[in-house]
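Chains as they are written, first to last, in the numbering used here: chain A, 116 to 376; chain B, 6 to 313.
If you are wondering where the hints come from, they were derived from the structure by calculation, not from laboratory data. Accuracy of the hints is not assured; some may be wrong.
Said to hold, decoys possible - DSBU-like cross-link-like pairs, simulated, lysine-lysine; straight-line CA separation at most 35 Å:
no., chain 1, residue 1, chain 2, residue 2
1, B, Lys18, A, Lys374
2, A, Lys219, A, Lys374
3, B, Lys18, A, Lys219
As the list claims (entries may be wrong) - Which stretches of chain B does chain A cover? Using the computed rule of at least three CB atoms under 8 Å from a CB of chain A, they are:
no., segment
4, 51-64
5, 77-88
6, 98-105
7, 168-180
8, 236-246
All values reported here derive from a predicted model rather than from experimental measurement. The C-beta atom is built at its ideal place from N, Cα and C for all residues, glycine as well.
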Amino acid sequence: MSAAATGTFTPRPGGAPLRRQVLAQARMEARLMLRNGEQLLLAVVIPVIVLVGAVLGSARVGLDLDGRPVDVFTPGVLALAVMSTAFTSLAIATGFERRYGVIKRLGSSPLPRTGLLAGKVLALLLVELLQLLVVGGVALALGWSPAASAGAVGGAVATAALGTAAFAALGLFVAGVLRAEATLAAANLVYLLLLAGGAVVLPATAYGGFGEVVRWLPSGALGGGMRTALIDGQVALLPLAVLAGWAALGTVLTARTFKWE
Amino acid sequence: MAIEGLTMRYAAKTAVDDLSLQVARGSITAVLGPNGAGKTTTLETCEGYRRPQQGRVRVLGLDPVRERRDLLPRIGVMLQGGGAWSGVRAEEMLRHVAALHAHPVDHDLLVERLGLAECGRTPYRRLSGGQQQRLGLAMALVGRPEIVFVDEPTAGMDPQARRTTWELLEELRGDGVTVVLTTHYMDEAERLADTVHIIDHGRLIASGSPLELTRGGSVSTIRLVVTRPFPPGAPESLTAALGPGTNVTLLDSLSLLVTGPADASTLARVSRWCEEQGVLPESLTLGTRSLEDVFLQLTGRELEEHAS
């Protein structure tokens with residue numbers, strides 16, 4: 116510092132290194148997401164309830180499954196967790212950021228838009244990691260024994276990554292065109308519809324003839340890809356291609372329509 | 006900083022109309038005008054939020070839209086409202102914005118100077134309007150910018166906080182920071198600004214130091230309010246009665262403003278004129294010309310809101 120620069124506010128402008136800015140943004144967004152009760156419910160509590168309910172319930176109802184219930188349901192519940200964070204949480208958070216002028220405020224900070232986006236993605240991955248630990252922990256306690264091969268790990272990671280990309284792009288699209296309240300309603304409604312009828316937790320084959328349709332949905336592809344990886348230990352290429360397609364579509368739609376304010 | 010011939014239109018409305026002004030480095034410049042005069046639009050064009058439809062804007066010699074990435078780290082922006090997550094704590098938000106900058110102002114110092122310690126752990130949505138304003142100002146200053154744009158900085162603040170904010174803005178100037186502020190408070194502009202640009206309907210109607218604009222208080226004013234509307238042609242006949250060196254502005258059907266020497270002889274002429282015209286004065290107020298009067302004379306209207 117020069118000797119003349121003595122005042123508290125003497126100009127010394129400059130942005131922090133981009134990596135530090137992105138990390139700060141990711142930390143902030145992840146913290147806010149986990150602090151919010153509804154978001155936490157969506158991220159952790161609902162998937163755990165669905166997992167425990169499905170495992171205990173299937174025994175009582177006598178559902179006909181290809182394997183032990185916990186092995187069949189856990190991959191789908193992990194897919195559900197990805198969907199809730201990458202789509203519903205992200206859409207709602209971004210919708211309200213637009214409403215409250217957060218995106219506008221950050222728009223005049225040194226953080227570039229690509230940095231903001233990178234921060235959001237990093238925050239999503241952090242929350243998803245936490246979800247994996249909680250849901251995976253509960254599943255292991257219930258006796259889950261996933262396939263343990265390179266294909267299992269590779270397939271699950273690739274499916275989760277492309278699933279995150281697809282749902283995040285679609286979530287940003289919704290948040291970018293609708294008002295905050297409408298985004299809240301739409302994101303929750305879509306989540307519930309896909310949870311019930313989107314072949315996330317239940318395999319597409321459980322839907323009968325309708326299964327041929329739902330496997331092309333991002334939810335069906337995400338759930339299917341996770342099941343192939345974690346039950347059969349293989350990489351399923353079709354679901355990955357379907358997810359990549361949705362990610363591309365969502366990105367194009369978002370890029371065309373998103374308004375920062 | 007320079008604006009040349011800036012014009013911005015939205016649908017049928019012209020928000021900014023061929024506006025040109027300059028801001029000197031290290032000064033406090035106030036853009037003064039009523040609500041809806043185009044102040045915020047002008048500021049947001051300088052901040053790179055809006056692309057000029059016509060004209061040219063340069064801030065620190067840079068184009069705010071094309072050279073945005075170079076410009077942003079060097080400016081500080083205080084928005085008119087919002088700008089924080091609803092669940093974020095005040096100090097947490099400030100620390101976050103600080104983390105985006107290379108050489109932020111010391112956190113504790115800024116918190117103390119802006120009186121944010123009392124609400125540091127309060128979520129943004131539960132801050133009072135004044136506290137939100139102070140946090141907004143802190144976020145604009147934390148990156149140690151060369152130029153800060155503050156949009157209505159003291160709106161919603163109590164008198165104590167307003168004074169503290171004014172002192173802070175003066176300290177900024179002392180430290181070599183250029184301050185550009187919008188306000189509809191006459192006293193704020195008069196107290197703080199080195200240069201005042203008065204705008205109305207998107208047009209620049211007067212520029213100068215408060216002293217130049219008010220002619221150093223050497224010009225006196227008489228404000229006359231009557232009980233029944235003035236007869237037609239009243240300003241002209243009063244001007245004729247008062248003679249040269251005075252200026253008469255009709256404010257509304259019941260009041261007018263006389264600018265000029267407010268001495269005993271002028272007062273006597275005003276009362277004689279009232280007698281001749283058959284109007285009954287309700288009040289006759291003497292004063293020196295303020296920015297308020299300058300605005301009145303230029304536009305024939307009062308600013309709709311007054312500082313308390």
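Hint check results:
1. B/Lys18 <-> A/Lys374: This hinted pair holds, its Cα atoms lying about 22 Å apart.
2. A/Lys219 <-> A/Lys374: holds (10 Å)
3. B/Lys18 <-> A/Lys219: Measuring from Cα to Cα gives roughly 24 Å; hence the hint holds.
4. 51-64: holds (count 3)
5. 77-88: holds (count 9)
6. 98-105: Coverage by chain A holds for the segment 98-105 of chain B (4 residues, Cβ < 8 Å).
7. 168-180: Check passed, 4 qualifying residues.
8. 236-246: With 0 residues closer than 8 Å to chain A, the segment 236-246 of chain B misses the three-residue bar; violated.
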